[in-house]
Amino acid sequence: MPRQQDRTAKGTGQAEYLHLAEGALASWRVDSEKKQKHVGQSRLGWFCEQTFVVLDGEQVVPSARVVGHGPFFTEASSNVSNININVILSIDHLFSQHRKMPPKSKQKTLKTTAKPIPPPFSPADASLTPLLSTLNPSTVYIIHTDTHPAWFKKRIFSVPVGLNVLIALIIAWRAYAIVPFYFSILASLLGHSNRTTIYYAEQTWGGLLWKVVQRMFTFFVDYVLVMVVAPWPYGFFLEAPGNPVSWRWTVGFRDEEVYVRQSRGWGAKDLLGEAEGSTGKAGEESPFFKTRILPAVDKQRLKEKTGYLLMDGDFDLDFYGMIAATQLLDKKDVAADLLKKCVLVYVGDQEKGEGQWAVWNCGVLDVSEGTEAEARDKVIAIKDKLTEMGKENLFFKWVELIQYESNAPGGFTPERQIAAADKVKKIFEEQGVDWDQFSREIGGLEGVPGL
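The opening residue of the sequence shown carries number 1 in my numbering; numbering runs sequentially from there.
Please keep in mind that the hints were generated in silico from the structure rather than gathered at the bench.
Where is the CB? At the ideal position from N, CA and C, for every residue including glycine.
Do not rely on the hints blindly, as some may be mistaken.
Stated by the list, open to error - Computed beta-carbon distance windows for the label pairs: (1) Ala381 x Arg416: 16 to 26 Å; (2) Ser158 x Leu238: 42 to 52 Å; (3) Val433 x Arg155: 31 to 41 Å; (4) Ala381 x Leu225: 48 to 58 Å; (5) Glu304 x Ser406: 26 to 36 Å; (6) Pro119 x Ser158: 40 to 50 Å; (7) Thr279 x Leu238: 51 to 61 Å; (8) Asn393 x Asp337: 36 to 46 Å; (9) Ala187 x Leu208: 15 to 25 Å; (10) Lys211 x Tyr176: 20 to 30 Å; (11) Ala381 x Glu304: 16 to 26 Å; (12) Lys385 x Asp337: 30 to 40 Å.
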């Protein structure tokens, strides 16, 4: 604590109050980095009066006049070149040392326990954050990459385009034809006679009943058109934030496209066993996982249908999410492997700031599990093709080579597989078989050992 010099005091109890003032004023923080001189003084009514200078929070010398007054405040000011600093400190702080303050209770920090992520899900990769920010935490999402050719997707998409254009034209024509009729009915109700006005006195009961039936049918047809049919072209062309037209306009048609499906009629709580009346089973144990997720990610189903045809009673397409995912891939902000095929669900309560997105990268199963049946069929196709070409001996040479390489010490490593493929290609070419043409004729050699 810096020593204070040239103390003067008035009144009784001066030593005690000077001591208190000294302790309080010394607690003022001085900015040592800016190396500014601060002049301070305290005035505690008639109890004490002192002046001092604080230089970098270290030295105290008398050099300032007292400014301000009053029994309840201390004041400080500076007279250093155009600097005006006023600090007001309540006298209540000066006498706080005399009070018996109650002991501070130690506040216990409540640690919120993060809800465990059920298998087979795991925390989502941080690079997916921009995409996840566009998704609804209460919904379950399935993302996959569709590899059907672009021409096929154009053909599929042309059907809903033509259908919705036709519906929109029909609704526009109906509106043009029927709106004057409804205006006439409204005018008739307001007392203006016109062709829609019904005069009960001039009508028979049969004629009156017929007119009522006609108008009820007209109202019913228009109600169905407006409430049931009109939302189709509206959702196709104008729905925000995303719709099929805006998606295709932004993304175009590609051989590889990312599709984002969202759950329809059920959601994250059902999958996590949190919905009212649920069994409490979450993740892979949930009945929704077995009856909704697994069929939706079935490899054969994704192979047979383009992504646009995967809409059903359980899943709808999130067109805005598809636009966002495609743009992230184009910018290389997200690795393509992360969106190959995966399921996303939010575990926790986002409104309370708890939880996180979880992902099941089910695409890796297509690679790890392999397709033994497909590989077996491919091997049979190779044998049949070589037999047809009169080169059946090539098939047995290939089998012998693969058996030899796979039984070698160290196993059939990826390096040995590549080397074996080169040897097989060389053997085929020595026998006069065009390797590339042969591969195309049997539909590719992916998944075949050694090829």
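Per the hint of 36 to 46 Å, is the separation of the Cβ atoms of Asn393 and Asp337 within bounds?
holds, 40 Å
Quick check: does the Cβ-Cβ distance between Lys211 and Tyr176 fall within 20 to 30 Å?
holds, 23 Å
Should the hint that Glu304 and Ser406 are 26 to 36 Å apart at their CB atoms be regarded as holding?
Taking Cβ atoms as reference, Glu304 and Ser406 lie about 33 Å apart, which means the hint holds.
Quick check on a hinted range of 48 to 58 Å for Ala381 and Leu225, using CB atoms only.
holds, 54 Å
Would you say the C-beta atoms of Val433 and Arg155 sit inside 31 to 41 Å of each other?
holds, 36 Å
Distance restraint hint 42 to 52 Å, applied to the beta-carbon atoms of Ser158 and Leu238
At roughly 19 Å between Cβ atoms, Leu238 and Ser158 fall outside 42 to 52 Å, so the hint is violated.
Has the hinted range 16 to 26 Å been met by the Cβ atoms of Ala381 and Arg416?
holds, 24 Å
Taking the CB of Thr279 and the CB of Leu238, does the distance hold inside 51 to 61 Å?
violated, 41 Å
Ala187 paired with Leu208, Cβ distance criterion 15 to 25 Å:
holds, 20 Å
Within 30 to 40 Å: is that where the Cβ-Cβ distance between Lys385 and Asp337 falls?
33 Å Cβ-Cβ, so the 30 to 40 Å window holds.
Starting from the range 40 to 50 Å, see whether the pair Pro119 and Ser158 falls in it by beta-carbon distance.
holds, 42 Å
Do Ala381 and Glu304 keep their Cβ atoms within the hinted range of 16 to 26 Å?
holds, 20 Å
In terms of the numbered hints stated before, the structure departs from hints 2 and 7, listed from lowest to highest.
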